[in-house]
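Taking the hints into account, I'd like the entire structure generated from these sequences.
Chains F and A are the protein sequences, given in the same order.
Mapping to the numbering used here: the first sequence position 40 is 40, numbers consecutive.
Mapping to the numbering used here: the second sequence position 250 is 250, numbers consecutive.
I should point out that these hints are in silico values taken from the structure, not numbers from a laboratory.
All C-beta atoms, glycine included, are put in the ideal place defined by N, C-alpha and C.
Incorrect hints may have been included.
[Said to hold, decoys possible] Computed from the model, here is a short list of chain F residues facing chain A with C-beta under 7 Å:
id, residue
1, N73
2, Q105
3, E197
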Amino acid sequence: MSTPFYVSPQQAMADRAEYARKGIARGRSLVVLQYADGIVFVGENPSRALHKFSEIYDRIGFAAAGKYNEYENLRIGGVRYADLRGYTYDRDDVTARGLANVYAQTLGTIFSSAAEKPYEVELVVAEVGETPEGDQIYRLPHDGSIVDEHGSVAVGGNAEQISGYLDQRHRDGMTLAEALKLAVQALSRDTNGSEREIPAERLEVAVLDRTRPQQRKFRRIVGRQLARLLEADGAATAADADAEADGSEEE
Amino acid sequence: MEPNPRSTGRLPAAFLTPGSSSFMDFLSEHQPELLPGRRQLPPVQGVIEAPHGTTIVAATFPGGVVLAGDRRATMGNVIAQRDIEKVFPADEYSAVGIAGTAGLAVEMVKLFQLELEHFEKVEGAQLSLEGKANRLSTMIRSNLGMAMQGLAVVPLFAGYDLDRDKGRIFSYDVTGGRSEEHGYAATGSGSIFARGAMKKLFREDLSEAEATTLVVQALYDAADDDSATGGPDVARRIYPIVTVITEDGFRRLTEDESSEIARSVLQRRLEQPDGPRAALL
Numbered sequence: 001m002s003t004p005f006y007v008s009p010q011q012a013m014a015d016r017a018e019y020a021r022k023g024i025a026r027g028r029s030l031v032v033l034q035y036a037d038g039i040v041f042v043g044e045n046p047s048r049a050l051h052k053f054s055e056i057y058d059r060i061g062f063a064a065a066g067k068y069n070e071y072e073n074l075r076i077g078g079v080r081y082a083d084l085r086g087y088t089y090d091r092d093d094v095t096a097r098g099l100a101n102v103y104a105q106t107l108g109t110i111f112s113s114a115a116e117k118p119y120e121v122e123l124v125v126a127e128v129g130e131t132p133e134g135d136q137i138y139r140l141p142h143d144g145s146i147v148d149e150h151g152s153v154a155v156g157g158n159a160e161q162i163s164g165y166l167d168q169r170h171r172d173g174m175t176l177a178e179a180l181k182l183a184v185q186a187l188s189r190d191t192n193g194s195e196r197e198i199p200a201e202r203l204e205v206a207v208l209d210r211t212r213p214q215q216r217k218f219r220r221i222v223g224r225q226l227a228r229l230l231e232a233d234g235a236a237t238a239a240d241a242d243a244e245a246d247g248s249e250e251e
Numbered sequence: 001m002e003p004n005p006r007s008t009g010r011l012p013a014a015f016l017t018p019g020s021s022s023f024m025d026f027l028s029e030h031q032p033e034l035l036p037g038r039r040q041l042p043p044v045q046g047v048i049e050a051p052h053g054t055t056i057v058a059a060t061f062p063g064g065v066v067l068a069g070d071r072r073a074t075m076g077n078v079i080a081q082r083d084i085e086k087v088f089p090a091d092e093y094s095a096v097g098i099a100g101t102a103g104l105a106v107e108m109v110k111l112f113q114l115e116l117e118h119f120e121k122v123e124g125a126q127l128s129l130e131g132k133a134n135r136l137s138t139m140i141r142s143n144l145g146m147a148m149q150g151l152a153v154v155p156l157f158a159g160y161d162l163d164r165d166k167g168r169i170f171s172y173d174v175t176g177g178r179s180e181e182h183g184y185a186a187t188g189s190g191s192i193f194a195r196g197a198m199k200k201l202f203r204e205d206l207s208e209a210e211a212t213t214l215v216v217q218a219l220y221d222a223a224d225d226d227s228a229t230g231g232p233d234v235a236r237r238i239y240p241i242v243t244v245i246t247e248d249g250f251r252r253l254t255e256d257e258s259s260e261i262a263r264s265v266l267q268r269r270l271e272q273p274d275g276p277r278a279a280l281l
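Shown next as structure tokens:
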């Protein structure tokens with residue numbers, strides 16, 4: 001047995017953080033934006049089977065960047081947590097704040113435990129309220145901290161640049177089509193400043209729509225609805241696209 | 001031991017274990033005491049007095065299925081509740097109506113709804129209609145111990161099968177035995193009378209509106225001959241719950257719609273108390 005080298009705690013933590021950040025940066029970025037009727041999730045995702053966004057509960061959605069198997073595990077854990085809580089208490093007692101707390105504790109414990117490797121994930125937990133003021137968006141980095149975000153948030157490889165771009169351009173009360181277009185513009189900017197085209201079929205889009213009559217507000221926007229929204233210019237056509245999206249979703 | 005999941009500590013290992021998409025499987029590993037079937041009843045003499053729900057009926061029509069229930073819960077000879085609801089949406093394309101011990105039934109429905117929703121969220125796809133029917137079977141079977149002591153729950157499950165493009169009905173017995181019914185089905189204390197009525201009135205080519213009238217007629221006949229089944233209560237404005245499941249999903253008729261059907265049935269019964277007559281030959 002060789003004697004292990006002494007590594008200072010600061011150095012050990014810095015190394016772990018570096019490891020997690022590098023892992024997250026390998027994945028593609030995604031953005032979460034507030035719009036007038038809810039919260040929209042947009043990301044580039046070539047796969048139709050492995051989702052980056054999903055439903056946790058009635059009003060709560062989940063987005064993740066980083067290593068798939070790790071965030072998938074956390075997602076299922078979150079669904080189980082929310083369903084168990086709603087079953088023991090009431091559906092109204094499941095909140096994004098509670099869920100974000102559990103995720104933060106989980107990520108934090110894993111990050112600082114020497115026995116486990118840090119998770120290479122960054123999560124967003126969002127809850128749509130009755131009004132835009134009631135919307136909540138939490139960003140959860142790999143180390144177990146929670147950041148309460150407003151308006152827009154980006155996670156993943158190119159997150160800093162994208163969130164800078166979004167901060168300047170995002171405003172309250174955007175229509176879904178406007179928010180979606182802004183998100184796609186932000187995502188299509190490369191690190192070196194050049195732009196590239198992201199075709200609609202490589203986009204994964206989902207919304208938490210507060211106007212949805214059902215209890216469960218999460219829905220995916222795919223195919224024709226997505227194309228319509230991307231083509232729609234301005235507020236007038238966005239309303240049509242909304243109606244269209246609701247209608248064809250029943251198919 | 002694992003930390004309490006209801007505190008805001010780290011998610012316990014059971015939450016992060018990959019594998020099952022079933023909420024019931026998760027519960028049975030993590031908190032088995034929450035499962036209705038896991039409770040041990042103390043030995044008791046005689047029958048336990050608890051409110052019982054009564055009659056549920058269902059009928060298919062081209063393009064869907066209707067499921068309806070009366071509103072009465074009884075406890076022995078007492079009417080325990082006049083406006084109980086016994087028909088619930090299970091998910092977007094199916095519904096469940098329950099006869100038997102009301103308290104257990106409502107809990108079972110809550111767990112069943114959650115089971116389907118949980119699967120859908122974890123897997124990203126809905127269970128097949130057969131799959132849903134089988135899950136319900138498992139739940140009833142786990143309740144067998146209590147059923148033996150008089151606390152039975154006997155549901156009727158109806159749904160729109162998106163793969164076969166038609167409405168389907170499944171009936172159950174206390175042991176969890178499942179059988180698909182063709183055309184129409186009924187469960188609960190008034191089911192014999194309801195089934196008799198539907199036998200004479202059912203046709204393959206009913207429209208949606210006719211099918212809803214059919215089930216209200218059947219419930220009326222059940223209430224007519226079974227004291228535990230409630231008829232339409234005009235004075236209190238309590239009418240049967242009627243639900244329709246089609247390609248467009250689950251829809252519960254509004255109070256106005258169901259009262260209109262119930263009132264027109266009632267109106268005709270004032271002239272003909274036994275209801276419409278079927279041809280003799």
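Going through the hints against the structure:
| no. | hint | result |
| --- | --- | --- |
| 1 | N73 | 5 Å, holds |
| 2 | Q105 | 5 Å, holds |
| 3 | E197 | 28 Å, violated |
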